[in-house]
Amino acid sequence: LCCECGQAHLLLDNHLYNFQDEVDDELVCHICLQPLLQPMDTPCGHTYCFKCLENFMQEYSFCPMDRKKLSFQQCHKSSLLVRNLLDKLVVLCPFKAECQQTMQRCELEAHLQNRCPGFKKYKSELQRKKNPISKGKEDPPAKGETNTPKDPEVPGGGSSLVAESSGAAVVSLGTAEPGLVNPAFEETEEGENLPHRTSLVAETTTIEIHREDPEEELGMRIVGGKDTPLGNIVVQEVLRDSVIAADGRIAPGDHILEVNGVNISSVTHCQAVSFLRHPGPVLHLMVLQEKGFSNKTAQQDSTANREVIHVTLIKRDRSEPLGIKLIRKTDEAGIFILDLLEGGLAAKNGKLSRNDRVLSINGQDLRQGTPEAAAQIIQTTESRVNFVILRQPGVQLGEPVEDGSTSNSSSSSNGGSPVHHRRRPDQNHYRRKSSYQKKTVAIKKEPKESLGITIGGGRDNKNKLPIYVTSVQPIGCLFRDGRIKRGDVLLSINGIDLTHLNYYEAVSALKSNAASHSVTLKALEILSLNSTEPSLDIREQGFSWSPLWITWLGLPSNLHFCQDIVLSKGNLESWGFSIVGGFEESKGNQPFFIKTIVPGTPAFRDRKLKCGDEIVAVNGVPAIGMSNSELIPMLKEQRNKVTLTVVSWPGSLV
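Just so you know, my numbering puts 105 at position 83 of the sequence shown, and the rest follows in order with no gaps.
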């Protein structure tokens, strides 16, 4: 319980009070619908709680009341007169069973600390519970959590995106990331191949983040996880004035590979959120960052103390993929094997290994080659693909990959064709299904009794979200009823549709209908997409609550807000984004998601498309039911202009 107000609430949320009398509407915050706390005035003449306004301004740039342009820096504390009026509001002691006293709001903290028998009893019981096992309990359980979900599939480094011998691996996504709509060789009008780009590269970097307050939010939104088609954890957005923004080294589109030495390239979305929300003064992040296209090739060629091995793979037909991910390194010439995809031909053969350097394929020298050149040789080979590789002594042959973090991307060395394979039956993967239940809540109440909820979302939100419950406070009729929960999506109140309203319209509708003797709310309860996933409620202390990104994926399509994004490019440009998902026999229909956006490309310059966005249609043609290999050619066929219909959900805040 909070030692200032005696009630339970999140660390960054406002204090809660039980007021003796109905409070004048002029003293109520129109964001939380509660009497003002630390009131702040806007230049347009409205007043809100400090924390309410601060949280609101993280997502919006206008006043909630009149929608005039507004920044938090323009607001200032309310006058001393207003603050004194609010402090003198009469409240009830929250410990009603042991204490029936009333006092001014400003006197409650002193009452609890010095005079309240109920709070004294609560503290003594708390101390009594802690004492017998205080030593064991005082060590923060979160520290244990940081190490435990290392995931049984992580040992061995199989799912790491970083080649073992490379401090800064440079990954070619031109062909190793099929679904990337930026081929290294574009077909010209005359049918010739014009090599206008070389490898698309990305570097791994270790970044140290320092926080003065160990529990302060990092201030970024993330998407992805092994339980989604994205596989990796990707930064969707960096919030203004945040710890990450002040550091300046992490940008949207970066892939987070490790947190404090723990590999998170193969964990679920919820586990990744837990790792990144773990408090601490210093945070070590290893990230994979897009660097755009590069013409740079390394000049060094060191073959000392290595073993030359010959491996032959036999394709059933010309189009069969080998299932190999290839990379270039900044510190060594040539191309290397980053990963072998589960179910692919190379993984089944078992003779190639991660970090092998490819010297030649079918007799063609690749010591100074690129992944694109290797992919082109493999694609044009009818049957036998002969590899000559260089391996460091002591490197073990690669086992067939059991990790879902790479197989989800359907990546292969054939330049884009998916690897069709069976998955382990216990593998987690995302499949759109009904993950919500409708409920109708009818309540009889006193006209003066408030609903006692705070809300978020609204169709004026930049993500066009439906209205959802951000908290159910223990002072209203909905808390007493118990059926409306935090995270529920509100559909209607007393027959008034809330699904198409902006934030302020929804607040007004809820407030006006709360004045009646009976209230009927229709809502959607979002069910956990993975019932084995631990609740994040405990880890959310100190964070402004909002639903996780993965929660929104379960909403019915009638609550999706689709928007059209039009991209334009020159004849020799690529669109500059990669996609994952689509129909696969083993998984059925999956949504298409934007996985990467390449710096310096049309998708990057447009600024509207974000990692984690779901593609619903291309030029008006629905993407549902298409496979990855069907949608990619459709995108590549669009010469200079394409219209993407997307649904954009906000990433999870960490």
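Because the hints were derived from the structure by calculation, they are not lab data. Treat the numbers as computed from the prediction; the structure is a model and nothing was measured. It is possible that some hints are incorrect.
[Claimed, not checked] List time: in silico PhoX-like cross-link candidates among lysine-lysine, alpha-carbon distance up to 25 Å:
#1 LYS370 <-> LYS466
#2 LYS507 <-> LYS467
#3 LYS486 <-> LYS533
#4 LYS73 <-> LYS533
#5 LYS663 <-> LYS591
#6 LYS73 <-> LYS99
#7 LYS337 <-> LYS373
#8 LYS507 <-> LYS486
#9 LYS73 <-> LYS486
#10 LYS118 <-> LYS466
#11 LYS110 <-> LYS151
#12 LYS609 <-> LYS370
#13 LYS460 <-> LYS533
#14 LYS91 <-> LYS145
#15 LYS73 <-> LYS91
Results of checking the hints against the structure:
1. The straight-line distance between the Cα atoms of LYS370 and LYS466 is roughly 65 Å, outside the 25 Å bound, and the hint therefore fails.
2. Between LYS507 and LYS467 the CA atoms are separated by roughly 18 Å; this keeps the pair inside 25 Å, and the hint holds.
3. For the hint linking LYS486 to LYS533, the alpha-carbon distance of about 22 Å falls within 25 Å, and the restraint holds.
4. Distance hint between LYS73 and LYS533 is fulfilled; the C-alpha atoms sit about 20 Å from each other, no more than 25 Å.
5. Restraint check: the Cα-Cα separation between LYS663 and LYS591 comes to about 6 Å, which is no more than 25 Å; the hinted pair holds.
6. With a CA separation close to 12 Å, the supplied pair LYS73 and LYS99 stays within the 25 Å bound.
7. For the suggested pair LYS337 and LYS373, the alpha carbons sit about 15 Å apart, so the restraint of at most 25 Å is met.
8. For the hint linking LYS507 to LYS486, the alpha-carbon distance of about 21 Å falls within 25 Å, and the restraint holds.
9. Annotation: proposed proximity of LYS73 to LYS486 holds, straight-line Cα distance about 22 Å (limit 25 Å).
10. At roughly 23 Å between alpha-carbon atoms, LYS118 and LYS466 fall within 25 Å of each other, so this suggested pair holds.
11. Distance hint between LYS110 and LYS151 is unfulfilled; the C-alpha atoms sit about 36 Å from each other, more than 25 Å.
12. For the proposed pair LYS609 and LYS370, the alpha carbon gap of about 21 Å is at most 25 Å, so the pair holds.
13. For the hint pairing LYS460 with LYS533, the CA-to-CA distance comes to about 22 Å; that is within 25 Å, so the pair holds.
14. Distance check on the hinted pair: LYS91 and LYS145 sit about 46 Å apart at the alpha-carbon level, beyond 25 Å; violated.
15. Restraint check: the Cα-Cα separation between LYS73 and LYS91 comes to about 19 Å, which is no more than 25 Å; the hinted pair holds.
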